[in-house]
Amino acid sequence: MTTTILYTILSLSLLGTVAAIALYFVAQRFKVFEDPRIDIVEAELPAANCGGCGYAGCRNFAETLVKSVTFEGLYCPVGGNETMSRIAGILGREAVKQDPRVAVLRCNGTCENRPRTNRYDGAQSCTIASALYSGETGCQYGCHGFGDCVVVCNFDALHMDPVTGLPVVNDEKCTACGACVKACPRNLFELRKRWKGDKKIYVACMNEDKGGVAKKNCAVACIGCTKCFKVCPYEAIVMKNNLAFIDSDKCKLCRKCVTECPTNSIIEVGFPVRKPKVDEQTSESTVNI
Amino acid sequence: MLRTFHKGGIHPPESKLSAHKPIQVLPVPGTVAILLSQHMGAPAKVIVNKGDEVKTGQIIARGEGFLSGNIHSSVSGKVSRIEEVQDVSGYRRQAVFIDVAGDEWEDGINLDTNLDKEIRYDGPEILKRITEAGIVGMGGATFPTHVKLTVPRGKKAECLVINGVECEPYLTSDHALMLEKGEEIMVGIQLLKKALQVNKAYIGIENNKPDAIEKMRDLASALDGIEVFALQVKYPQGGEKQLIKAITGREVPSGGLPVDVGVVAFNVGTVFAVYEAVQKNKPLIDRIVTVTGKAVKNPSNFIARIGTSISDLIEAAGGMPENAGKVISGGPMMGKALSGTNIPVVKGTSGILILAEEESTRLKTQPCIRCAKCVTVCPMGLEPYLLMTLSERSLFDRLETEHVMDCIECGSCSYTCPASRPLLDFIRLGKSNVGKIIRTRKK
Amino acid sequence: MSRLLTVSPSPHIASDQSVEKLMQGVVISLIPAFLVTLYVFGLGALIITTISVITCVLAELTIQKYMMKTEVRIHDGSAIVTGLLLAFNLPSNLPWWMVVLGAVFAIGIGKMTYGGLGNNPFNPALVGRVFLLISFPVQMTSWPLPVESRMQYLDAATGATPLGILKEAVRNGESLPDVMNQIPDHMQLFLGQMGGSLGEISALALVLGFFWLLYKRILTWHIPVFTVATVFVFTGILWLANPDKNATPLFHILTGGLMLGAIYMATDLVTSPMTKTGMIIYAAGIGIITVVIRVFGAYPEGVSFAILIMNAFVPLINKYIKPKRFGEEVKHG
Numbered sequence: 459m460t461t462t463i464l465y466t467i468l469s470l471s472l473l474g475t476v477a478a479i480a481l482y483f484v485a486q487r488f489k490v491f492e493d494p495r496i497d498i499v500e501a502e503l504p505a506a507n508c509g510g511c512g513y514a515g516c517r518n519f520a521e522t523l524v525k526s527v528t529f530e531g532l533y534c535p536v537g538g539n540e541t542m543s544r545i546a547g548i549l550g551r552e553a554v555k556q557d558p559r560v561a562v563l564r565c566n567g568t569c570e571n572r573p574r575t576n577r578y579d580g581a582q583s584c585t586i587a588s589a590l591y592s593g594e595t596g597c598q599y600g601c602h603g604f605g606d607c608v609v610v611c612n613f614d615a616l617h618m619d620p621v622t623g624l625p626v627v628n629d630e631k632c633t634a635c636g637a638c639v640k641a642c643p644r645n646l647f648e649l650r651k652r653w654k655g656d657k658k659i660y661v662a663c664m665n666e667d668k669g670g671v672a673k674k675n676c677a678v679a680c681i682g683c684t685k686c687f688k689v690c691p692y693e694a695i696v697m698k699n700n701l702a703f704i705d706s707d708k709c710k711l712c713r714k715c716v717t718e719c720p721t722n723s724i725i726e727v728g729f730p731v732r733k734p735k736v737d738e739q740t741s742e743s744t745v746n747i
Numbered sequence: 040m041l042r043t044f045h046k047g048g049i050h051p052p053e054s055k056l057s058a059h060k061p062i063q064v065l066p067v068p069g070t071v072a073i074l075l076s077q078h079m080g081a082p083a084k085v086i087v088n089k090g091d092e093v094k095t096g097q098i099i100a101r102g103e104g105f106l107s108g109n110i111h112s113s114v115s116g117k118v119s120r121i122e123e124v125q126d127v128s129g130y131r132r133q134a135v136f137i138d139v140a141g142d143e144w145e146d147g148i149n150l151d152t153n154l155d156k157e158i159r160y161d162g163p164e165i166l167k168r169i170t171e172a173g174i175v176g177m178g179g180a181t182f183p184t185h186v187k188l189t190v191p192r193g194k195k196a197e198c199l200v201i202n203g204v205e206c207e208p209y210l211t212s213d214h215a216l217m218l219e220k221g222e223e224i225m226v227g228i229q230l231l232k233k234a235l236q237v238n239k240a241y242i243g244i245e246n247n248k249p250d251a252i253e254k255m256r257d258l259a260s261a262l263d264g265i266e267v268f269a270l271q272v273k274y275p276q277g278g279e280k281q282l283i284k285a286i287t288g289r290e291v292p293s294g295g296l297p298v299d300v301g302v303v304a305f306n307v308g309t310v311f312a313v314y315e316a317v318q319k320n321k322p323l324i325d326r327i328v329t330v331t332g333k334a335v336k337n338p339s340n341f342i343a344r345i346g347t348s349i350s351d352l353i354e355a356a357g358g359m360p361e362n363a364g365k366v367i368s369g370g371p372m373m374g375k376a377l378s379g380t381n382i383p384v385v386k387g388t389s390g391i392l393i394l395a396e397e398e399s400t401r402l403k404t405q406p407c408i409r410c411a412k413c414v415t416v417c418p419m420g421l422e423p424y425l426l427m428t429l430s431e432r433s434l435f436d437r438l439e440t441e442h443v444m445d446c447i448e449c450g451s452c453s454y455t456c457p458a459s460r461p462l463l464d465f466i467r468l469g470k471s472n473v474g475k476i477i478r479t480r481k482k
Numbered sequence: 003m004s005r006l007l008t009v010s011p012s013p014h015i016a017s018d019q020s021v022e023k024l025m026q027g028v029v030i031s032l033i034p035a036f037l038v039t040l041y042v043f044g045l046g047a048l049i050i051t052t053i054s055v056i057t058c059v060l061a062e063l064t065i066q067k068y069m070m071k072t073e074v075r076i077h078d079g080s081a082i083v084t085g086l087l088l089a090f091n092l093p094s095n096l097p098w099w100m101v102v103l104g105a106v107f108a109i110g111i112g113k114m115t116y117g118g119l120g121n122n123p124f125n126p127a128l129v130g131r132v133f134l135l136i137s138f139p140v141q142m143t144s145w146p147l148p149v150e151s152r153m154q155y156l157d158a159a160t161g162a163t164p165l166g167i168l169k170e171a172v173r174n175g176e177s178l179p180d181v182m183n184q185i186p187d188h189m190q191l192f193l194g195q196m197g198g199s200l201g202e203i204s205a206l207a208l209v210l211g212f213f214w215l216l217y218k219r220i221l222t223w224h225i226p227v228f229t230v231a232t233v234f235v236f237t238g239i240l241w242l243a244n245p246d247k248n249a250t251p252l253f254h255i256l257t258g259g260l261m262l263g264a265i266y267m268a269t270d271l272v273t274s275p276m277t278k279t280g281m282i283i284y285a286a287g288i289g290i291i292t293v294v295i296r297v298f299g300a301y302p303e304g305v306s307f308a309i310l311i312m313n314a315f316v317p318l319i320n321k322y323i324k325p326k327r328f329g330e331e332v333k334h335g
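Line by line, the protein sequences are chains B, D and A. Just add 458 to wherever you are in the first sequence, counting from 1, and you've got this note's numbering. Just add 39 to wherever you are in the second sequence, counting from 1, and you've got this note's numbering. Just add 2 to wherever you are in the third sequence, counting from 1, and you've got this note's numbering.
In short, the hints are calculated from the structure, not lab data. Keep in mind the model is a prediction, meaning the values are calculated, not measured. Glycine residues also receive a C-beta, built at the ideal position from the N, C-alpha and C atoms. Any given hint might turn out to be false.
Listed next, the in silico EDC-like pairs over lysine to aspartate or glutamate satisfying Cα-Cα at most 16 Å (straight line) [unchecked claim]:
#, chain 1, residue 1, chain 2, residue 2
1, D, Lys-319, D, Asp-445
2, A, Lys-324, D, Asp-445
3, A, Lys-324, D, Glu-441
4, D, Lys-403, B, Asp-579
5, A, Lys-324, D, Glu-219
6, D, Lys-117, D, Asp-155
7, B, Lys-668, D, Glu-92
8, B, Lys-685, B, Glu-718
9, A, Lys-321, D, Glu-219
10, D, Lys-46, A, Asp-18
11, D, Lys-55, D, Asp-250
12, A, Lys-326, D, Glu-123
13, D, Lys-254, D, Asp-299
14, B, Lys-674, D, Glu-123
15, D, Lys-403, A, Asp-18
Sample of chain B residues lacking proximity to chain A, with all beta carbon distances greater than 12 Å (derived) [what the hints assert, rightly or not]:
#, residue
16, Thr-575
17, Ile-586
18, Ala-587
19, Tyr-591
20, Arg-652
21, Leu-711
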């Protein structure tokens, strides 16, 4: 009995040693040279593997960074300026700074604002629905609400609001990786400049229809009236295809456009509640989502 | 043993409620909205302005893209506006709105209904007339007929296949057309044969239309080089590739065109339009539309002007039923569900099917039990279960190697799936993504 | 319009097939075999089948509800089928707690660990059966005598199966024709007058069920026919080579679990290949392995192992055996 156990232990140990030695030599023989800086840079990256930089994961991005001559066009939105400047320090290059950004949904077509005109009964995917037809409401530009964006978000920063039927961005968790921007078949997400206190002013609409059609299908549609365009002192607003767009890099958050918008399609978030004004028309202009 | 295609296929209930109903002429509506995109390619370019008076049959838009066709006014009256209107997909597209006044036809259109058997023109002239008339495939694909008739260099057309299969359940427009306009269809076939310089034409009709088979056989026996084949009833026999396989035994190669095996195929509706265009100089401004459904009061076959609102058609068939749950443009297998009925009839509208509410909702999706029924029924020899999984996981390169682009979107897989899985939904998603990848690669 | 229209991608109609109906069809097709087993094994068969089915359903319910916390879908009937098939693969005098153990193992390890119906690579009922066979070899291979002891459950008198007798005889070097006299004739085998697991005894009843499955289009004929044909051909060659040592092909087909395995276990939709060619390869594999185990192996019977081994090859078969595509053979230039 004891000899059996002894022989077993001995033979297995011997086998293990022989295998270990063989493996060591094989590993030496087939060693691939890799720039050691890649590992160091990769350690600095957030390891989210979200693809927000445009490369296939953090390792791939680290390889690109090490090989690159300048950091132009190379940016990790998740790590932000801090990470990029640290990597720049490691590699002895100049970091390209970018303003921190946050994803914003440019649609406010809640169940209340945008009446349903039909009922969708296919696979629950915005992309499939979008390829099939214009959507459950009269608006052919707005959110389907099947949550393709929620599925792709790696940071748990998106969830569907069951009341409005629209996705909600959690500003704290959003890293501006851009996955939702790519996933949305209607291109409703935009990465906008992140202000202190997550203040935001943006046109929550992508409807390019003429005013009458847009308004008929959604109570808070941009009707392309150009009032905001005219009132903006910073030339931050551009009009295109019956639709206003606020350039977040030029906007100074003066909020003039918000009061001006006749359909409340320009949304302000994160500002203190305004004192109710005497003028009834403007008193409802604060819409918080 | 009747001919058929051999790979896959299903037998959905035929439900041909409007079979043997005569073709009724739908009165000209008060206004029409004529879409500028009634063909596969880019929208036609408008050549009339707001306020212009137009006559029936007058050209109002020119097809300038490769796969585009001319658009003609289907009524006479005044162009009230050129604006967007919802098409079958619910998206808004440019259309010419015309307020109808009288029914004055463009000069040169022969309005009598006498059969005109004499073949006066040579091939190029026939082709020119077809191009002018803006004829597209009337089976629903709306592929411009003049493009099909232009055989690419290096290829040779050997025979003509005429599609009278109408394998979609419910639809009867082709059946009605063959019964009532068989003589005209025969002349149309002779015209197409001349345009293509082929000697043989084969008409395929499924065995569930014995009267049409008999009539077409009678007519064909008097003519040279036209043969009628009765085919076994099987969906999707009306698919171009399946029909060619059934009749000629030739298989259109994967990614290829029928002309690669020397065949050019047309729907009987298209053939009739060709007859009208060449012999009567009448452009494609009306078509036969089946309005049907179990809940519909009078399922019927109408001849309707292009641009007529679908709601007018439904009204003419007894009105929208109380329990309507779904309105489909086309048949139940490949048709498009509509989000509303204020949508104009286009050249490809073969039928309007109204399903009752209880027929309209899909069953709940269950997990795949790998029963392989989808593989068995796929007429293209694909593996739908695999394609769906790959598409769900966005593995588009694998999808391409699994030949997702071969899919003809016949819906046999989704139809047959016991777990009610939306196979075709995801295969379409995969197809559109793979298509995009292939296009960017070519650039 | 007051009511909203429904919009969905085509097709807008669906066949009346459903998972529930498929499973119902399988259950109905098992009725003849169940009646035969009730006649032959009586009380024991009833007890074992009931316990097995109830345990399988309860196990699936518990796992879906409390462990996976997903939607409970016992209504699809797949657990009932697993329970029935497991029972049909057990001897009728098996202690009840072993049946429970086997059923829990079949559903828990064989099916739910992979994610439930549709995801299991191995036939759950066979996983349960083989687990019991390896854990309790004695109890799993003692077979009650047919008909005689049908009113007893645990205390039934036992005997060997025809295949067991054969194996024993070959091992002892006895001449085959002598042994064959101890075994019921082919007609009795066909009707089910022999020892064995609950469901495997009557080839007649199983073939009846097979016709029902074909009629209902639940199965295609490929797997059962090719499995049986392979066994027939392989054993036929052996028999022709040495009739003294080897039993007739007909004997091999009618005995043991071959019919049950070929018609019900190998054809399990989830664990069989997707293409016709794949099915034929799979079926031939099962046939060959079965004969190899029966003739050359230590066990008298090998259908269960053969099916499980071939189950493992199914993903590989699916990967390499593709259906012939439309327009494939024409070279496109």
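Evaluated hints:
no., hint, verdict
1, D:Lys-319 x D:Asp-445, "violated (39 Å)"
2, A:Lys-324 x D:Asp-445, "holds (14 Å)"
3, A:Lys-324 x D:Glu-441, "holds (9 Å)"
4, D:Lys-403 x B:Asp-579, "holds (10 Å)"
5, A:Lys-324 x D:Glu-219, "violated (46 Å)"
6, D:Lys-117 x D:Asp-155, "violated (32 Å)"
7, B:Lys-668 x D:Glu-92, "violated (26 Å)"
8, B:Lys-685 x B:Glu-718, "holds (6 Å)"
9, A:Lys-321 x D:Glu-219, "violated (52 Å)"
10, D:Lys-46 x A:Asp-18, "violated (22 Å)"
11, D:Lys-55 x D:Asp-250, "holds (14 Å)"
12, A:Lys-326 x D:Glu-123, "violated (46 Å)"
13, D:Lys-254 x D:Asp-299, "violated (31 Å)"
14, B:Lys-674 x D:Glu-123, "holds (15 Å)"
15, D:Lys-403 x A:Asp-18, "holds (13 Å)"
16, Thr-575, "violated (7 Å)"
17, Ile-586, "violated (7 Å)"
18, Ala-587, "violated (9 Å)"
19, Tyr-591, "violated (6 Å)"
20, Arg-652, "holds (37 Å)"
21, Leu-711, "holds (41 Å)"
Checked against the numbered hints listed earlier, the structure breaks hints 1, 5, 6, 7, 9, 10, 12, 13, 16, 17, 18 and 19; every other hint is satisfied.
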